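Listed below, chain by chain, are the residues.
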Amino acid sequence: MGEFEVHRVRFFGLVPAGVRCLACHPRGSRLALARTDGAVEVYNFAANYFQEKVIPGHEARSVESLCWAAGDRLFGAGLGGDITEYDLSGLSAARGLDGGGGPIWSMVANSSGTQLAIGCEDGSVKIFQVVPGGIQFERNLDRRKGRVLCLSWHPSDTHIVAGSIDFFRVIDVASGQTVQRIMVNHHVEKAKHECVVWAIALLSSGTVVSADSFGRVQFWDWEQGTLAESHTVSTSAVLSLAVSQKEDSMIVGTSTGATYHLQLLPVRLGGLEKRWVRTKPFQFHSHDVRAVAHSPTALISGGLDAQLVIRPLMEKVQKKNYEAVLRKFTFPHRRLVSCARKARLLLFQFSQYLELWRLGSTEETGKDGEVLPLCRMPEHLVQLKSKGPEHIYCSCVSPCGTWLGYSTASRFQLYRVRCDEDGVSLRKVPKVPKLLPPAYQLQFSADSQILFVASARGSVHVFQLLEPGGCKHLHTLRPPSGCSEAVYLLAPSADGHWLAAVSGDWAIHIYNLKCFKVGLGVTPQPQGTRDGGLSMHCPPGSHHCIPGAGLGWLWCGNGGQRQSWRFWFGMGVWESCQPGPGGSHQCMSPPAASLRGAQL
Amino acid sequence: MAQNGRQKSIRDQWWSLQTEQILRCTRSIAGQPASQCEGSVGSDRSQLPGSRQGDRAAYSIEDSGPGCARRVPAACGCSECPGPLGRGNGVSPRRYLLYASGDFVKVHSVNTEETLGLLCGHADLVTGIQLNPHNHMQVYSSSLDGTIKLWDFMDGIPIKTDFFLWSDTFQLVSVKLTKGAGQDLEGKELSVVLDGVGASSKQIAFGREDSYVVSVKDVDLQVYFFKRKLLNRFSLSTAKTKGGDNRFSCVVCHPTEDCIATGHADGKIRLWRNFHHKKGYTYSSLHWHHDTVMDLAYSLEGTRLLSGGVESVLVQWHNESSCQKDFLPRLGSPIECISMSSDGVLCCTLHTDNRISIINSNLRFSRSIQGLIKSRDVKTGLVVDPRTKALVLNGEPGHLQFYSLQSDQQLFSLDIVQRQYIHQAGLKQSDLVKVAFSARGTWLATVEESEEVADPELQLKLWFYTEETQSFALNTRINTPHDNHITDMCFRDMDELGDDSLILVTTGRDCVFKVWVMVGDSDPEGNVSWSCDFVGSYHNYQATNCCFSEDGSLLAVSFEETVTVWDSLTWDLKCTFCHPPGNIRNICFGRQTCSKYLIGATDYGFLCCWNLLTCALEWNAHLNVVVLQPDPLSEHIAAVSWLSKESSLFVFKPSEPWPVYIQRNLCKEKILLAAFVPRDEPETISSEKYLWLRKSQLFFLTDTQELMTLSTKSLEERLTPSSKQLAVEESLPVTPFSVLLGKHRRQQAQEDTDLGKPVVHNKQEQASPAVKELLHTPAHVLPSASFLCTIFINSLLISKENKSAEEVADEVEMESEKAEDDSDEEDVTAMEQEDTSHIELLGEITCKLSKSQEKELRKIRKMDYSWISAF
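Keeping their order, the protein sequence lines are chains R and A.
Okay, so the first sequence: first residue is 1 according to our numbering, each after it adds one.
Okay, so the second sequence: first residue is 1 according to our numbering, each after it adds one.
Read the hints as simulated data drawn from the structure, not as lab findings.
Keep in mind the model is a prediction, meaning the values are calculated, not measured.
Glycine included, C-beta positions come from ideal geometry on N, C-alpha and C.
Errors might be hidden in some of the hints.
Said to hold, decoys possible - Below are the DSS-like pairs computed for lysine-lysine, each with C-alpha atoms no more than 27 Å apart in a straight line:
hint	chain 1	residue 1	chain 2	residue 2
1	R	316	A	229
2	R	192	A	242
3	R	280	A	268
4	R	274	A	240
5	R	246	A	268
6	A	279	A	240
7	R	274	A	325
8	A	279	A	268
9	A	217	R	280
10	R	328	A	242
11	R	280	A	279
12	R	246	A	278
13	A	268	A	229
14	A	227	A	176
15	R	316	A	278
16	R	280	A	240
17	R	428	R	385
18	R	328	A	279
19	R	274	A	227
20	A	278	R	274
21	A	240	R	328
22	A	176	R	274
Claimed, not checked - Between beta-carbon pairs, the in silico distance windows are:
hint	chain 1	residue 1	chain 2	residue 2	range
23	A	366	R	245	43 to 53 Å
24	R	46	A	240	34 to 44 Å
25	R	114	A	241	17 to 27 Å
26	A	228	R	46	58 to 68 Å
Let the sequences and hints guide you as you build the complete structure.
Printed below as a string of structure tokens:
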């Protein structure tokens with residue numbers, strides 16, 4: 001066994017952005033999440049709740065509301081007043097259209113996904129038609145004073161309920177008129193304060209569920225304008241609410257970080273009369289729960305503490321398997337740290353700047369598990385700020401520590417780093433060949449001679465790095481069958497002969513770098529699995545592994561013969577999918593190279 | 001010595017004699033729940049988990065073997081009962097509180113705060129009571145004697161008794177109560193509903209409309225649906241994470257919805273719904289209590305849930321919301337049980353200190369029923385207050401309770417420690433350990449110490465009784481009077497000499513006894529304070545007991561194995577007595593004719609009598625004496641022995657070596673304390689054996705804090721006064737109309753007496769029954785108006801011809817007598833009303849009859865009165 005030095009890196013001060021809104025795909029397979037910094041993430045429930053896509057944020061773009069419409073199209077709207085469609089294959093905000101009503105507080109799609117309704121600062125509710133290639137304005141509904149903070153369509157698309165400050169109103173979509181206006185701040189001692197309706201839902205029975213800043217969840221019969229039930233679930237504001245599709249269960253999130261489950265239960269066993277009952281409280285979050293979602297089998301909540309929590313409903317889960325586990329997503333699923341092994345440098349990626357640190361060192365040796373004293377403290381070498389409002393997509397430092405690159409949505413920058421006794425100097429590499437930005441992943445080869453840039457449509461650009469500071473485009477690797485999705489992950493082999501690339505459709509291509517051709521062949525992801533390629537590692541030798549979230553596959557490529565292995569994380573148990581391990585192949589430990597930045 | 005030995009052998013024979021006749025030994029039955037309480041952890045609850053419809057009564061049965069945990073005072077069932085029509089003043093909805101207390105069920109009037117009746121007949125502990133759902137005048141009670149009795153609690157009559165044969169395990173069984181007419185029936189039809197139920201009936205509840213029954217035990221909840229014969233079992237995790245403890249403590253069901261509320265050991269309340277699904281069940285939780293939820297109760301409509309626990313706070317939860325809750329704090333002691341009245345107007349809580357609080361529906365404390373407060377540990381012993389003749393002992397923590405034996409009420413509670421008591425396990429807090437009164441009750445000495453074993457913070461306090469405030473005021477506080485625990489304390493009892501000669505002696509484990517005397521202060525107000533006068537010791541032995549002789553001239557202090565006798569004037573050691581082996585446990589001087597004797601009891605089971613004149617052992621006997629108590633009014637001394645799990649009582653005179661009275665097997669519990677309470681007037685006792693009971697009554701306190709007494713009267717004799725009260729208890733329903741009517745009636749009565757005109761009075765009296773009947777009979781049972789009309793008109797007519805001259809003369813006489821004694825007159829009118837009310841619209845003839853009866857009665861009364869006045 002080799003000897004290892006383990007560094008406890010405690011100087012990566014990443015502050016993740018809070019969760020602002022959630023949108024569950026109507027078919028329940030995907031979840032879109034927007035963060036307070038404008039980043040949008042898509043989680044795939046079928047693939048083990050893997051964070052599939054990340055669209056980095058933008059300073060000027062805030063996302064207040066997300067919704068899925070017209071199948072798999074994702075729309076977002078924010079306080080900038082624009083409605084943006086997201087290009088999920090290209091991982092970018094695609095087209096924007098001004099809503100025309102000032103900041104947009106909420107946006108919902110109707111049940112068929114053909115229309116979007118937005119609630120604006122000026123009190124208007126506008127309807128947009130979803131058309132191929134974009135959206136177009138359809139009409140204005142009745143406008144009343146007071147910002148529209150939340151909206152909900154009736155399942156039959158006939159009515160929209162719009163929550164505002166101190167009241168909510170029900171609008172008939174066909175006529176565009178307000179048919180009912182209900183004050184929510186009546187009969188409350190705190191009536192001098194305004195009562196903000198933070199979230200609202202219109203059920204098929206005609207019941208309006210409102211969640212307000214007084215901590216109440218109230219059930220109204222909107223036709224009569226009467227209050228049916230009122231549950232004071234919290235002493236602080238209820239900020240979010242989500243109803244299941246069957247309308248028998250809902251989750252509310254409060255500003256104390258607690259979420260509550262409400263269920264429609266029969267008052268008497270076997271009787272028809274049912275009532276909403278607050279059942280279980282959950283305290284998963286430490287801060288405001290701004291967004292909740294209700295999938296058919298789970299309660300999902302996201303808070304300003306940047307956590308996404310998925311709590312399965314035990315009664316809906318058929319058997320106790322991997323799905324019945326409470327999931328908390330605290331760490332980003334992307335690589336935010338890259339390491340220059342030889343130069344002992346670490347590069348940390350923040351939303352708008354990079355930090356380069358030199359690791360501390362020790363001269364002493366000790367026993368297993370012993371903490372060694374540092375003779376040289378870790379050193380912050382340089383902070384590199386990215387220009388413009390765009391957030392950084394990806395970054396990388398070369399293994400020798402002399403090259404550093406990052407990419408935003410529109411720019412790709414490469415720097416030459418010189419570390420000497422005086423300090424650190426950073427020089428931008430001029431005349432970087434123009435590429436179609438953005439780059440989704442940067443990867444230097446092991447000898448720091450070549451830079452691989454993952455790009456859209458499955459292509460990988462190969463640059464040759466030249467001394468003393470230049471680069472040359474060598475080749476562009478493309479999958480032979482073509483691909484619409486971008487490449488997310490890259491992994492070169494240590495001997496520099498091979499490069500593996502994983503694109504958004506989970507196809508894995510292994511290229512031979514000598515002849516710039518698809519070498520070992522395309523290895524599609526095994527069908528029917530729930531894992532997603534998180535990161536990739538090509539250790540010396542001829543095997544490649546793609547660990548997934550908890551479950552990993554390992555391919556041994558010995559002269560074209562493929563053997564597939566899989567293992568469970570943390571258990572260290574290897575099991576062969578195909579008969580018999582190859583005699584030449586020995587795997588001692590799980591490939592642990594997939595440690596990601598934030599976990600350090 | 002030889003003579004001595006022979007004497008001893010004879011005496012031993014005497015002590016071991018079996019009594020041929022025993023006195024009736026009853027528990028103090030003065031009518032409060034407080035009078036009995038047993039200390040072991042409660043496992044029973046007041047309410048039988050009976051079904052409301054009554055066709056199905058289920059009982060949690062218990063093994064009645066000796067190992068069974070017992071607890072007495074528990075039951076609370078509130079019932080509102082409509083009074084019988086046409087009696088007294090008509091409809092009188094009255095409210096009774098029924099509770100099980102020891103072997104009895106007691107009926108308590110909520111309005112008058114009196115105990116109205118006692119249902120006695122069970123041979124063992126009553127474990128539960130339940131109102132008959134078909135007849136609210138009847139109550140079922142279950143007992144450890146294996147019977148279920150049906151009572152008419154208004155009259156206190158047992159209607160029916162069912163015997164059952166119980167098994168040894170706890171099961172929930174359904175029994176078919178026989179419909180037979182006989183008194184004693186044996187129930188045969190038993191069917192087991194649930195196995196493995198909790199011992200307490202708090203852990204069983206019937207659901208809405210008796211469609212299911214719920215049982216909780218440990219971390220398991222079982223729901224059995226009767227119709228579908230479906231048993232659902234839900235388990236919580238046993239892991240105690242983050243201070244959580246999921247064990248169930250109690251369960252109740254929502255009265256109108258299918259919701260089960262359960263209390264847990266960590267203070268959580270869970271509300272279960274959808275429990276007919278094995279998977280889809282759900283629960284929400286409410287959490288306020290920091291310790292076990294002792295009991296829960298739903299309001300009548302189920303909108304409110306009451307919970308209580310060790311915090312002594314009653315919590316009211318509204319609409320199952322954890323945000324809306326009300327509190328009723330400072331209820332005094334931990335809440336054991338909560339019960340709701342059947343009309344939902346009142347609820348009552350039972351507390352661990354043997355008290356019932358009645359609480360209004362708006363969560364206002366209304367009143368409490370309390371007698372003897374059960375304290376955690378009676379360290380002070382039983383002391384009799386010379387002033388009030390009340391029994392004085394530990395009450396609430398840090399308080400001294402004055403308990404009146406005559407009225408079975410707490411006279412008052414004196415806060416001695418004057419510190420906030422915190423109900424929390426493991427906290428060392430100060431408590432009262434010793435108390436002593438001076439002979440006339442003007443001075444009270446108390447000792448308090450903290451529970452720390454190593455370093456007890458001792459305080460000796462002396463209290464002076466002030467006539468103005470009618471209470472004790474603190475006079476002197478002495479910190480650390482002894483360096484170690486104080487073992488005994490006594491005043492010099494000298495009635496004749498007055499306060500100047502008052503001396504207090506304390507003995508401590510620090511091997512000294514200290515004499516405290518009053519010192520006049522130099523300030524002009526003439527205040528006095530107490531200070532130490534003399535410190536005595538003997539061979540560095542721990543001082544254990546002290547007592548003064550009757551005339552106060554001698555002080556006996558026991559030091560481990562030795563009794564020392566000191567002259568109380570010079571503090572010279574006069575003589576010592578010793579009876580090795582074994583430490584002295586108790587000492588006392590003889591009284592009156594036997595004042596030359598000193599009695600001592602040792603650890604090794606010897607009772608010794610020393611003659612102070614000869615300084616020699618007069619006699620001794622082999623007896624394991626636990627309590628040695630002299631009667632202050634006679635020369636008798638009571639000794640209670642504890643041998644082979646039974647307590648026996650021996651009463652003897654020190655001058656005679658054989659006992660005056662022996663009562664073997666007084667009770668199964670260990671008697672810890674005893675006290676002679678002087679009677680107000682000497683009782684006439686025919687039998688010579690009980691002459692020692694003439695001047696004083698002997699009370700015992702057992703280790704389960706049960707207060708008992710010896711009585712020559714039978715239970716029935718003692719009970720008559722209280723059961724008679726039931727008939728008297730005929731109060732108007734408090735409705736606005738009744739108030740108006742009552743006012744009107746009172747005015748009328750006033751006018752009658754004021755006018756003093758016999759004729760007019762007569763006429764009105766005559767008219768009133770018919771009119772009253774008209775007014776009081778409900779409209780739907782009245783005959784037709786045409787029929788009533790003649791009666792009404794007749795009642796208005798003045799019927800002169802009926803009255804003979806003789807009668808008129810009587811009447812006049814009557815009136816004059818009325819003028820003499822107002823209170824007497826009131827009684828008579830009340831009787832008239834009662835009598836006339838029975839005629840039930842039968843016309844004037846019966847009216848006349850009743851009048852003649854009245855007249856006779858009056859004559860009898862008159863005669864009675866003169867006879868008494870002659871005395």
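Compare the distance between the alpha carbons of residue 274 (chain R) and residue 240 (chain A) with 27 Å, and conclude whether the hinted pair is satisfied.
34 Å, violated
CA of residue 217 (chain A) to CA of residue 280 (chain R), is that 27 Å or under?
22 Å, holds
Satisfaction of hint between residue 240 (chain A) and residue 280 (chain R), Cα-Cα up to 27 Å
Since the Cα atoms of residue 280 (chain R) and residue 240 (chain A) sit roughly 19 Å apart, the hinted pair holds (cutoff 27 Å).
Straight-line Cα separation of residue 328 (chain R) and residue 279 (chain A) no greater than 27 Å?
Holds, at roughly 24 Å.
Within a Cα-Cα threshold of 27 Å, do residue 316 (chain R) and residue 229 (chain A) meet the stated pairing?
26 Å, holds
For the pair supplied as a hint, residue 176 (chain A) and residue 274 (chain R), confirm whether the alpha-carbon distance does not exceed 27 Å.
36 Å, violated
With the threshold set at 27 Å, check whether the alpha-carbon distance from residue 227 (chain A) to residue 176 (chain A) stays at or below it.
17 Å, holds
Would you mind confirming whether the straight-line C-alpha gap from residue 316 (chain R) to residue 278 (chain A) stays at or under 27 Å?
12 Å, holds
Proposed proximity, residue 328 (chain R) with residue 240 (chain A) (alpha carbon, max 27 Å)
23 Å, holds
Keeping to a limit of 27 Å between CA atoms, is the pair of residue 279 (chain A) and residue 268 (chain A) held or broken?
Status holds; Cα separation ~22 Å.
Agreement of residue 280 (chain R) and residue 279 (chain A) with the hint, judged by alpha carbon distance not exceeding 27 Å:
15 Å, holds
Can the suggested window of 34 to 44 Å be confirmed for the beta-carbon pair residue 46 (chain R) and residue 240 (chain A)?
Holds, at about 38 Å.
This entry does not satisfy hints 2, 4, 5, 13, 22, 25 and 26, going by the numbered hints stated previously.
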